Amino acid sequence: IFFMFEAIQGDLSPKCRVVIEELQSFAGSIDGISTVVPLLRSRGCSFTGITQNPAGLAEAIGENNAESMIASSSHVQIVGANDLRTRQLMQKLSLGHRTVRYRKWRFLWTLFTDTKPVYTDDQLRRVMSPKRKRIFVHRADSRPMLLRQAPGYQELPV
163 IFFMFEAIQG DLSPKCRVVI EELQSFAGSI DGISTVVPLL RSRGCSFTGI
213 TQNPAGLAEA IGENNAESMI ASSSHVQIVG ANDLRTRQLM QKLSLGHRTV
263 RYRKWRFLWT LFTDTKPVYT DDQLRRVMSP KRKRIFVHRA DSRPMLLRQA
313 PGYQELPV
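Here the sequence shown is numbered in our numbering, starting from 163 and rising by one per residue.
To be clear, the hints were calculated from the coordinates, so they are not data collected in a lab. Computed from a predicted structure; not experimentally measured. Among the hints, a few may not be true.
To be verified - Subject to a maximum C-alpha distance of 27 Å in a straight line, what follows is the list of computed DSS-like cross-link-like pairs (lysine-lysine):
#, residue 1, residue 2
1, K254, K293
2, K254, K295
3, K266, K278
4, K278, K254
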């Protein structure tokens with residue numbers, strides 16, 4: 163791959179695109195994949211890793227490596243979230259918490275402030291149910307998106 167970077171004349175963006183399907187099954191056999199991905203991105207290469215769930219990736223390459231790989235991604239797409247760990251990842255990556263102020267009679271002085279998640283786990287489970295056919299996209303430099311699946315995405319040829 164590094165020879166190809168030297169062979170390309172001019173500044174092409176991206177210089178190369180690497181896509182690995184079923185990342186959790188290959189990640190155990192690729193030594194140092196958690197350090198290779200940032201290196202590829204720094205050289206102008208686009209890397210796409212596709213995995214079934216974050217738990218499988220964490221088992222293959224380790225918890226810390228999986229979290230750092232996901233957190234340093236420019237975008238993460240989540241299609242349907244049945245398991246608790248994926249919903250927690252969504253909360254941690256981009257949804258976060260909101261600050262709620264409790265006031266005396268709703269307009270006088272503030273009694274106390276509290277932080278609550280933007281979506282509770284139950285709300286997120288209902289919103290991201292596979293029956294609703296939604297895709298959650300975390301983007302590192304801007305707000306997250308909640309999209310509907312395209313009809314062609316639901317019936318892919320095998």
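Practice item. Kindly indicate which numbered hints from before are broken by the structure, ordering the numbers from low to high. Key: As far as the earlier hints go, not one is violated by this structure.
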